[in-house]
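Peer 1: The chain contents come next:
2 protein chains.
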Amino acid sequence: MRLIKDRTPAEDGFRMPGEFEPHEGCIMIFPERPDSWQYGGYAARKAFVQVAEAISQSEKVTVCASASQYDNARAMLPETVRVVEMSSNDAWARDYAPTFVKNDSGEIRGIDWGFNAWGGLSDGLYFPWDKDNQMARKICDLFDRDVYHKRDFILEGGSIHVDGEGTCIVTESCLLSKGRNPDMRREQIEQVLRDYLNVSVVLWLPCGIYNDETNGHVDNICAFVKPGEAVLAWTDDRNDVQYEMSKACLEYLENNTDAAGRRIKVHKLMLPAPVTVTADECAGLDACRDEPARIPGERLAASYVNFYIANANIVMPGFGDPMDERAKETLQSLFPEREVIQIYARDILIGGGNIHCITQQIPR
Amino acid sequence: MRLIKDRTPAEDGFRMPGEFEPHEGCIMIFPERPDSWQYGGYAARKAFVQVAEAISQSEKVTVCASASQYDNARAMLPETVRVVEMSSNDAWARDYAPTFVKNDSGEIRGIDWGFNAWGGLSDGLYFPWDKDNQMARKICDLFDRDVYHKRDFILEGGSIHVDGEGTCIVTESCLLSKGRNPDMRREQIEQVLRDYLNVSVVLWLPCGIYNDETNGHVDNICAFVKPGEAVLAWTDDRNDVQYEMSKACLEYLENNTDAAGRRIKVHKLMLPAPVTVTADECAGLDACRDEPARIPGERLAASYVNFYIANANIVMPGFGDPMDERAKETLQSLFPEREVIQIYARDILIGGGNIHCITQQIPR
Numbered sequence: 241m242r243l244i245k246d247r248t249p250a251e252d253g254f255r256m257p258g259e260f261e262p263h264e265g266c267i268m269i270f271p272e273r274p275d276s277w278q279y280g281g282y283a284a285r286k287a288f289v290q291v292a293e294a295i296s297q298s299e300k301v302t303v304c305a306s307a308s309q310y311d312n313a314r315a316m317l318p319e320t321v322r323v324v325e326m327s328s329n330d331a332w333a334r335d336y337a338p339t340f341v342k343n344d345s346g347e348i349r350g351i352d353w354g355f356n357a358w359g360g361l362s363d364g365l366y367f368p369w370d371k372d373n374q375m376a377r378k379i380c381d382l383f384d385r386d387v388y389h390k391r392d393f394i395l396e397g398g399s400i401h402v403d404g405e406g407t408c409i410v411t412e413s414c415l416l417s418k419g420r421n422p423d424m425r426r427e428q429i430e431q432v433l434r435d436y437l438n439v440s441v442v443l444w445l446p447c448g449i450y451n452d453e454t455n456g457h458v459d460n461i462c463a464f465v466k467p468g469e470a471v472l473a474w475t476d477d478r479n480d481v482q483y484e485m486s487k488a489c490l491e492y493l494e495n496n497t498d499a500a501g502r503r504i505k506v507h508k509l510m511l512p513a514p515v516t517v518t519a520d521e522c523a524g525l526d527a528c529r530d531e532p533a534r535i536p537g538e539r540l541a542a543s544y545v546n547f548y549i550a551n552a553n554i555v556m557p558g559f560g561d562p563m564d565e566r567a568k569e570t571l572q573s574l575f576p577e578r579e580v581i582q583i584y585a586r587d588i589l590i591g592g593g594n595i596h597c598i599t600q601q602i603p604r
Numbered sequence: 241m242r243l244i245k246d247r248t249p250a251e252d253g254f255r256m257p258g259e260f261e262p263h264e265g266c267i268m269i270f271p272e273r274p275d276s277w278q279y280g281g282y283a284a285r286k287a288f289v290q291v292a293e294a295i296s297q298s299e300k301v302t303v304c305a306s307a308s309q310y311d312n313a314r315a316m317l318p319e320t321v322r323v324v325e326m327s328s329n330d331a332w333a334r335d336y337a338p339t340f341v342k343n344d345s346g347e348i349r350g351i352d353w354g355f356n357a358w359g360g361l362s363d364g365l366y367f368p369w370d371k372d373n374q375m376a377r378k379i380c381d382l383f384d385r386d387v388y389h390k391r392d393f394i395l396e397g398g399s400i401h402v403d404g405e406g407t408c409i410v411t412e413s414c415l416l417s418k419g420r421n422p423d424m425r426r427e428q429i430e431q432v433l434r435d436y437l438n439v440s441v442v443l444w445l446p447c448g449i450y451n452d453e454t455n456g457h458v459d460n461i462c463a464f465v466k467p468g469e470a471v472l473a474w475t476d477d478r479n480d481v482q483y484e485m486s487k488a489c490l491e492y493l494e495n496n497t498d499a500a501g502r503r504i505k506v507h508k509l510m511l512p513a514p515v516t517v518t519a520d521e522c523a524g525l526d527a528c529r530d531e532p533a534r535i536p537g538e539r540l541a542a543s544y545v546n547f548y549i550a551n552a553n554i555v556m557p558g559f560g561d562p563m564d565e566r567a568k569e570t571l572q573s574l575f576p577e578r579e580v581i582q583i584y585a586r587d588i589l590i591g592g593g594n595i596h597c598i599t600q601q602i603p604r
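Keeping their order, the protein sequence lines are chains F and W.
Read in this note's numbering, the first sequence has 567 at position 327, and its numbers run on one by one without any break.
Read in this note's numbering, the second sequence has 449 at position 209, and its numbers run on one by one without any break.
Just chain F, same shape as in the assembly:
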């Protein structure tokens, strides 16, 4: 593994492919942190295993497990899934694993962004985050890929979405938050995205999903279906605080164009009814930094947009909500060549994210 410090992917002719482009595989992390995953993580691990099984139908899944959970991961996961030992502070592969870039010869390299638990000492979610921050480079080494060193720039994989043709979508609420890169101006942040993702246009949605503890990652509110088309998390309930948030994002997209000069075609993906955490669920969460990890009644950032595009499947969350079926139909119509697999994901959601957050694709 060569550590590349003095060059950028754009200079070297590498770009981040869209998630809908072919994958070599997918990385996940086995969950165990007791202030993230209720009642010791047993239910969360079952849900993660279902996600791994679904993705492994069409691509090689590598699950990173701690030394103490290794045997358990190996026993719970199907034999087609690879389990490797790797320590982490929690289980959000999207945000710790490298962003992979590719050149025209098909060579794949990783980007090692800085990670600070979604806000560091400012408004980060746990401390310390040292093991998470080591993972991108460890994963590049594991896959024998060279890696661009960009740890001086804080970025999570869930805070960017690209169309693979020069456009990146982010949210202002996240990328301009005081816990990320407070000493950089918006233009400077945008330049890093241009240099490392090799994009020419960065679209800045104002915000993400209400109460999303990541400061509103884009991957919970908006995702490319293909170049020129995206889904946007939506509600028709004007009394829901999310209504104005989604509307502001829609208006932004209607008034801006992508790298190809197109107005992005936006498909509304309906949100489930607000999901709140129960007292019983909270009782199963260890305290985090002396404080309760969650308060009963707290609204969780449930959204169907947090799906994963596998080679032959869409792996999407369900919440036991009447809207589950309609959301599945929407995605099935948008991805006619992929079978949509819906997995009951409340046990992932309680941890603070969803299926897209716990996966990271490796392009082929």
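The hints are simulated quantities; they were obtained by calculation from the structure and are not laboratory data.
No experiment lies behind these values; they were computed from the predicted model shown.
Some hints could be false.
Cut-off 25 Å, straight-line C-alpha distance, at most; resulting in silico cross-link-like pairs (DSS-like, lysine-lysine) [as the list claims (entries may be wrong)]:
| id | chain 1 | residue 1 | chain 2 | residue 2 |
| --- | --- | --- | --- | --- |
| 1 | W | Lys300 | F | Lys245 |
| 2 | W | Lys508 | W | Lys487 |
| 3 | F | Lys300 | W | Lys300 |
| 4 | W | Lys245 | F | Lys300 |
| 5 | F | Lys505 | F | Lys466 |
Some chain F residues well away from chain W (every beta-carbon gap over 10 Å; in silico) [unchecked claim]:
| id | residue |
| --- | --- |
| 6 | Phe260 |
| 7 | Gly419 |
| 8 | Glu469 |
| 9 | Val515 |
| 10 | Asp530 |
| 11 | Glu538 |
For every residue, glycine included, the Cβ atom is placed at its ideal position computed from N, Cα and C.
Mind docking chain W on chain F? Use the hints.
Peer 2: Coordinates of chain W only, in the frame set by chain F:
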């Protein structure tokens, strides 16, 4: 990774290739155990790095490092070497890593033997050995290889040598020791070797190197150079306790034949003068199970036979002994197409083994 419990490699047409056959790569473990490696392992790690560098000249080396040593391993090792996180109890890849077998189509599988720290609760060298015993399967998973489950049989990679053509050499002192498989008769042990290594002849040397704490692993006294030819550790000093031991091995080899019916041509590889551990070295070793790890003046099992056959090199130990050069010349003449690299290995030897003990080849 498929776990194969009901079949043997021989039944499936797999055999263990000779070490001199082509390799896909080599596995090593980064040393840190303070009762094995003096003064915190700094000198040992330097020596391991030199070994990894030498092997990496002609094959891909993967070094397993603990979470706490990962960054250090990555910084010390060349970028062509892959570093992966994996926990272990010590650093003897030969004995924990899988024995790899190969079929005629070139498919590679691993064997997961049981490991009990060279003798378990009987005369094992440390306790516990749980992480070591997990490694073979973890490594098979890492390399995406199916694995034969044989954990009910205790065997270390250093206790067997094969010619790839049906012959295996072992020592009675090790394989018949009370800490290995005491409930099995010699014939039963031999049958396991036949079934798993796919050999038809097992040659039983009586013993190994004097004071070798492994109960006399064969890989410290005798090694195949090619089918039909082997080196044997030798001394001409009749007052050395090793003299009668090596002589007994020579006589055994002169009176037995290999799987092809050949009498093995034996090349004597001279031993260095006895190497003993100093009081200063002992002072740098933490106690092991409340006892001193080594006693000043204790004789170490120094032998040039503990070399590694890399694709294009022989990587052999040196001890700062006048015999170093002669041993190097002997091996160079026996491996005319491989460049012999000699590495000063006292800092590995103090740990209890040498270059062959800290490496495990993966056949191609």
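Peer 1: Against each hint, give a clear statement of whether it holds in the structure.
Peer 2: Results for each hint:
For the given pair, Lys300(W) sits about 24 Å from Lys245(F) by alpha-carbon distance, which is consistent with the 25 Å threshold. A threshold of 25 Å between alpha carbons decides the hint, and for Lys508(W) with Lys487(W) the separation of about 11 Å falls inside it, so the pair holds. Note on Lys300(F) and Lys300(W): the hinted pairing holds, with a Cα-Cα distance of about 22 Å set against a maximum of 25 Å. Under the criterion of a C-alpha separation no larger than 25 Å, the hint pairing Lys245(W) with Lys300(F) is consistent with the structure, at around 24 Å.
With a C-alpha separation of about 10 Å, the suggested pair Lys505(F) and Lys466(F) falls inside the 25 Å cut-off, and the hint holds. Distance to chain W confirms Phe260(F) as a non-interface residue, since its nearest Cβ pair spans about 26 Å, more than 10 Å. Every C-beta of chain W lies more than 10 Å from that of Gly419(F), the closest at about 25 Å, which supports listing it as non-interface. Annotated as non-interface, Glu469(F) keeps its C-beta farther than 10 Å from every C-beta of chain W; the closest such distance is 36 Å.
Interface exclusion of Val515(F) from chain W stands, the closest Cβ pair being 35 Å apart, more than 10 Å. For Asp530(F), the condition that its CB be more than 10 Å from all CB atoms of chain W holds, with the nearest at approximately 26 Å. Non-interface status of Glu538(F) relative to chain W is upheld: no Cβ of that chain comes within 10 Å, the nearest being about 33 Å off.
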